[in-house]
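Enquirer: Top to bottom, those sequences are chains D and P. Be aware that the first sequence starts at 1, since it is given in the working numbering, and climbs by one per residue. Be aware that the second sequence starts at 1, since it is given in the working numbering, and climbs by one per residue.
No lab work stands behind these hints, which were simulated from the structure alone. Virtual Cβ for every residue (Gly too), placed ideally from N, Cα, C. Don't take each hint at face value.
One side of the interface only, derived from the structure: several residues of chain P facing chain D at Cβ under 10 Å [said to hold, decoys possible]:
| hint | residue |
| --- | --- |
| 1 | S64 |
| 2 | T141 |
| 3 | R179 |
| 4 | D180 |
| 5 | A181 |
| 6 | R225 |
Dumping the calculated DSBU-like pairs for lysine-lysine here, alpha-carbon to alpha-carbon at most 35 Å [stated by the list, open to error]:
| hint | chain 1 | residue 1 | chain 2 | residue 2 |
| --- | --- | --- | --- | --- |
| 7 | P | K177 | P | K160 |
| 8 | P | K83 | D | K236 |
| 9 | D | K244 | P | K160 |
| 10 | P | K163 | D | K136 |
| 11 | D | K136 | P | K160 |
| 12 | D | K209 | D | K198 |
| 13 | P | K2 | D | K136 |
| 14 | P | K2 | D | K236 |
| 15 | D | K136 | P | K83 |
A few chain D positions that, by computed beta-carbon distances, are all more than 10 Å from chain P [claimed, not checked]:
| hint | residue |
| --- | --- |
| 16 | D48 |
| 17 | A49 |
| 18 | G182 |
| 19 | D281 |
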Amino acid sequence: MRSTLADAPLVVSTDGTAGPYITVTTDQLGPVVEALKAQGIPNQVDDDAVMIDGRPALAVIDLGQDADVERVQTILDQLTAESRGVRPEPGLPPASHNELILKFPPSVAPVLVRRIEATPPLGWKRRTEIEARMRKMRATRAGAYCFSKNVEPTPGEVAIWLESRGTGEFFVSTIIPLQSRGPLSVEQNNRVLDDFEKTFIEPLMRGLKGHVFNYQAPTEPTLEDVLSTESMRRLKSFSAMANKGMLHPLDVQRWNSFVARTHLDNVVLDTSLLSDWLQGDGWPERQRLQLVDDYEHARSLLSVYDEERADR
Amino acid sequence: MKSIAALVAELAAAPRPVLCLDTCVFLDIITTGNRGLTDLVEVNRRLSDILVTTPDRIQLVVTSLVLREWVQRRDDVRDEVTKWLAHTDRQILEIHRAWERLGRPLATPRFTYHDPDLVNRLTTLAESLLRSSAVLHEDTTCVMRALQRVKWKNRPSHNKQIKDSIHLETYLELSRKVRDAGYGQPVIFASTNSSDFWEDKNTPERPHAELVDDLATADVVFFGRLPLALRHLGLLGPAATPFAPPAGGP
């Protein structure tokens, strides 16, 4: 199955032996459960199947062995159509690396580990010498496996690390090209991951209870990720109160207080993030460019001031 | 440990990009959490994964002084993170207590984050990168040049500290020597020490103006953040554009 964190398609998956299931984002969970309930479809929700930054990101709705897959898919298609009717069609999501996670009950783990350590599927090679190097360099315990495969025509031979996380999870931690000096493109990375899912993970999970998540990873950090809570509060306060056409002296004071805070926090801020945030908050282009320019000058001046003080 | 000449011979035999690192790059791995820079953990893990899987892809280089500083300062930064985790636990406890005193205890259990495993694993990650690095002996000529910087208060010794100048002079000398041997691979120096090496504290892609000529003459590219250096080398997403001094000099 495939899921993206934004606007994921709603699909009934039938892989594994746990019965049909639907993977949904946290935003989709409520409406989908409601729609199933309205049609009398029994279901069981695992609402924190995949966690990102300590919060549930993807949930699984198990439908049970006897579920009518076609009927449920029709309900999901209808829900998708209704949802598109009330909001604009989303544009193409930004290109981003996919992630692959296997979740399974702890009772399945011993069988899964035996299968992983047995002869790999055709085309794949277990790289025990690289695993040994990892144990030596990083004091890694058991549960980190390295496999390689020649993926033609590009990117050639690649190594994939499959690592355990807790008692009920494996995840692909890294994909590294073995021949090419450059990095994998997003497209190549996702193609290798899809191939790994199809030719390695699917046979591995055959007949076992569990779910496979192949989803789009969150993209670049937002301004909220980079700034401290206090800096963000000051920026929001400035933006909410400011005259966006022409700054009032009090607006300038609030802006300066924001800049000073980021400097005290020692934040390294990519100013395109600041510009995007200001644009999203309704700042006209001329003022926005001026503010970004002011920010850069102010940080530069504050750095010189720090040095002058340190010299005393 | 090896001499500059020995490393030059190794690189000439098996050319690969060279990434020279400052002590703070390793110490930062431990303190990323309490300084709001957790993305650096992933970047360093990625670099370690690359070095484990394809050891000839890139050559990390440190001075012997980096190793000494690491040993001297490692426990202090570990303590800093341990205290931060303990403080976080105390704050969480107070939040739960406040709700309980209100007569509305929180339904969620009180997690505790004061777990030495996090600090240990971050330390292991930093040490894996140090173990992958070629360590350069102290070079007398480079130390003398560093002393000159202290004497004349030249950056990065404008505050009379010699250590950063020893790192810099060693890496400049390494680059000059490999270039003399016709080496075409990039030589990068990465230091997160914004006070001594950066143009200002918000521009990690630019070395300080006083260092631009020295770096350019030795054909060393500077970055103030490890992710920028790795992007420049094509090891991490789209490449960063290094700072290029204006044509014609200052």
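Enquirer: Holds or violated: D:K209 and D:K198, Cα atoms, limit 35 Å.
Expert: 17 Å, holds
Enquirer: For D:A49, is the shortest CB-to-CB distance to chain P above 10 Å, so the non-interface label stands?
Expert: Correct as stated: the minimum Cβ-Cβ distance to chain P is 19 Å, above 10 Å.
Enquirer: Decide if the proposed pair is consistent with the structure: P:K83 and D:K236, CA atoms, cutoff 35 Å inclusive.
Expert: Distance ~31 Å between P:K83 and D:K236 Cα, so the pair holds.
Enquirer: Report holds or violated for the interface hint on P:D180, using the least CB-CB distance to chain D and a cut-off of 10 Å.
Expert: It is violated, given that the least Cβ distance between P:D180 and chain D is near 24 Å, above 10 Å.
Enquirer: Hey, P:K163 versus D:K136, does the alpha-carbon distance stay inside 35 Å?
Expert: 31 Å, holds
Enquirer: For P:K2 and D:K136, compute the direct alpha-carbon distance and say whether it is at most 35 Å.
Expert: With Cα atoms ~22 Å apart, P:K2 and D:K136 stay inside 35 Å; holds.
Enquirer: Under 10 Å, Cβ to Cβ, is where P:R225 needs to be relative to chain D, so tell me if that hint holds or is violated.
Expert: 7 Å, holds
Enquirer: With d taken as the least Cβ-Cβ distance between D:D281 and chain P, does d exceed 10 Å?
Expert: 21 Å, holds
Enquirer: Under 10 Å is the threshold here; is the Cβ of P:T141 close enough to any Cβ of chain D for the hint to stand?
Expert: 29 Å, violated
Enquirer: Hold the hint about P:A181 up to the distance rule: shortest CB distance to chain D must be less than 10 Å.
Expert: Violated. Min distance 20 Å.
Enquirer: Tell me if the straight-line CA distance from P:K177 to P:K160 falls inside 35 Å.
Expert: 27 Å, holds
Enquirer: Go through the hint on P:R179 and say holds or violated, using the shortest Cβ distance to chain D against 10 Å.
Expert: 20 Å, violated
When the structure is compared with the earlier hints, violations turn up for hints 1, 2, 3, 4, 5, 9, 11, 14 and 18 and for no others.
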